[in-house]
Amino acid sequence: MTVISALPPLAMQAGANRVVQGVKIEHVCGDPSLSPAADRALRRRLVERALQALQVAVDGPTLF
Amino acid sequence: MIRIGHYLNQFFAGIGGEEHANHPPEVRPGPIGPGRAIQALLKGDGQVVSTLVCGDNFFNEQGETARGAVRAWLRDTRPDLILAGPAFAAGRYGAACAEVCRLADEAGVPAVTGLHPENPGLLSYKRAYVVPTGNSAAGMAPALAAMLALARRRVGGTPPGPAEAEGYFPRGIRRPGLRQAVGADRAAAMLVAKLRGQPFRTEIPVESYDAVPPAPPVAAMDRARLGIVTTGGVVPKGNPDHIRRCSETRWQHYALAGLDALSPDAFECVHGGFFNLPACENPNLVLPLDILRTLEREGAFAKLLDSYCATCGNDQRLADCQRNGAEIARWLREQQANAALLVAT
Numbered sequence: 001m002t003v004i005s006a007l008p009p010l011a012m013q014a015g016a017n018r019v020v021q022g023v024k025i026e027h028v029c030g031d032p033s034l035s036p037a038a039d040r041a042l043r044r045r046l047v048e049r050a051l052q053a054l055q056v057a058v059d060g061p062t063l064f
Numbered sequence: 001m002i003r004i005g006h007y008l009n010q011f012f013a014g015i016g017g018e019e020h021a022n023h024p025p026e027v028r029p030g031p032i033g034p035g036r037a038i039q040a041l042l043k044g045d046g047q048v049v050s051t052l053v054c055g056d057n058f059f060n061e062q063g064e065t066a067r068g069a070v071r072a073w074l075r076d077t078r079p080d081l082i083l084a085g086p087a088f089a090a091g092r093y094g095a096a097c098a099e100v101c102r103l104a105d106e107a108g109v110p111a112v113t114g115l116h117p118e119n120p121g122l123l124s125y126k127r128a129y130v131v132p133t134g135n136s137a138a139g140m141a142p143a144l145a146a147m148l149a150l151a152r153r154r155v156g157g158t159p160p161g162p163a164e165a166e167g168y169f170p171r172g173i174r175r176p177g178l179r180q181a182v183g184a185d186r187a188a189a190m191l192v193a194k195l196r197g198q199p200f201r202t203e204i205p206v207e208s209y210d211a212v213p214p215a216p217p218v219a220a221m222d223r224a225r226l227g228i229v230t231t232g233g234v235v236p237k238g239n240p241d242h243i244r245r246c247s248e249t250r251w252q253h254y255a256l257a258g259l260d261a262l263s264p265d266a267f268e269c270v271h272g273g274f275f276n277l278p279a280c281e282n283p284n285l286v287l288p289l290d291i292l293r294t295l296e297r298e299g300a301f302a303k304l305l306d307s308y309c310a311t312c313g314n315d316q317r318l319a320d321c322q323r324n325g326a327e328i329a330r331w332l333r334e335q336q337a338n339a340a341l342l343v344a345t
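Chains as they are written, first to last, in the working numbering: chain E, 1 to 64; chain U, 1 to 345.
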């Protein structure tokens, strides 16, 4: 499992082993202030990074 | 005269070690083993009238029978007080002692046990009165003295004061009371002590987390079934299960089949711990279904599960988080997920 979180230090402190930095607490997976296309592109980068993290071996909480 | 019932495992009753851990419950009159030391501490104002002995494996594996034996013992012996153990760091024995305390409470009989701080029995019945002990029987004498001191408070006279004052483990119960100084002064004093590098004691201890071993990497993402989970309170519009904005104890799963994105007409965000209007206007900002569908079509992974899991992580108790996490993990496995994403707000 990969955790996408706006607060990676908290996620890692709680023991999440694969963590991706999200945008903000209110909109972890995107940014409503961007144009719809730019928002989608940002969201896509985040989800792709999270999928990539799933394919990497880790030995403890790791930020991707 | 305090009539005391004492609970012991097979080892401390002198029956034997692990080879006798299946010993069935057995009532013996009077004190045995550590019970004799209790008797010596009593100075004539009490008596260990009966000892219940049970093997540690028996108690933990045949719980129903063991509990029945404890209830019958309490009924037949009618003690004023139950002392269990002490069990030190022995896990199965500790769990049995905690359970004996719970059954005694149920029967209205005050009970006290003694456990090492890391004994898992401490977690099995939080309401038990437990004194801290060393990790082995070398600490028997002080453990029995502490158990008896607390027990005397429980059977008569003034009831025990707060855990920190009386020296037993906190039972998770708060009572109103007066402190020497108001909260602001205490907090400031704590901060000053911390900045000076001096010892201080928090009034709100932070619960500690389990270390979870990392899952191995996903070998073939293009063949993986992917689950998506969020603590961000994204639910179907109208919140059919009344997921709470804060202090939620449950989780739910909701259908995604046939949807290409989360529409604000069909989903909303009920999380009460942040400004949730952006997530209500576009729930994909929390649960990125639009992008997941695109990537699914492109073959980045094989299939998104037909439902997602949601709870509201706002002020969720650690015990509920752990249970929800375990339940969601089990559900994902049942859905044959190979991998999952969790969006935490």
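Keep in mind that the hints were calculated from the coordinates and are not lab data. Among the clues, some could well be false.
To be verified - Pair by pair, the computed Cβ-Cβ distance ranges are:
| no. | chain 1 | residue 1 | chain 2 | residue 2 | range |
| --- | --- | --- | --- | --- | --- |
| 1 | U | A187 | E | L34 | 25 to 31 Å |
| 2 | U | T202 | E | F64 | 20 to 26 Å |
| 3 | E | D59 | U | R293 | 20 to 26 Å |
| 4 | U | P216 | E | A38 | 18 to 24 Å |
What the hints assert, rightly or not - Below, in silico cross-link-like pairs of lysine to aspartate or glutamate (DMTMM-like), each with a Cα-Cα straight-line distance of 20 Å or less:
| no. | chain 1 | residue 1 | chain 2 | residue 2 |
| --- | --- | --- | --- | --- |
| 5 | U | K237 | U | D306 |
| 6 | E | K24 | U | D315 |
| 7 | U | K237 | E | E26 |
| 8 | U | K303 | E | E48 |
| 9 | E | K24 | U | E268 |
| 10 | U | K237 | U | D210 |
| 11 | U | K303 | U | D260 |
| 12 | U | K43 | U | D80 |
| 13 | U | K126 | U | D76 |
| 14 | E | K24 | U | D105 |
| 15 | U | K303 | U | E334 |
| 16 | U | K237 | U | D265 |
| 17 | U | K126 | U | E106 |
| 18 | U | K126 | U | D260 |
| 19 | E | K24 | E | E48 |
Keep in mind it's a predicted model, so treat the numbers as computed, not measured. Backbone N, C-alpha and C fix where the C-beta goes; we use that ideal spot for every residue, glycine too.
| query | Which of the numbered hints above does this structure break? | reply | 1, 2, 3, 4, 10, 13, 14, 18
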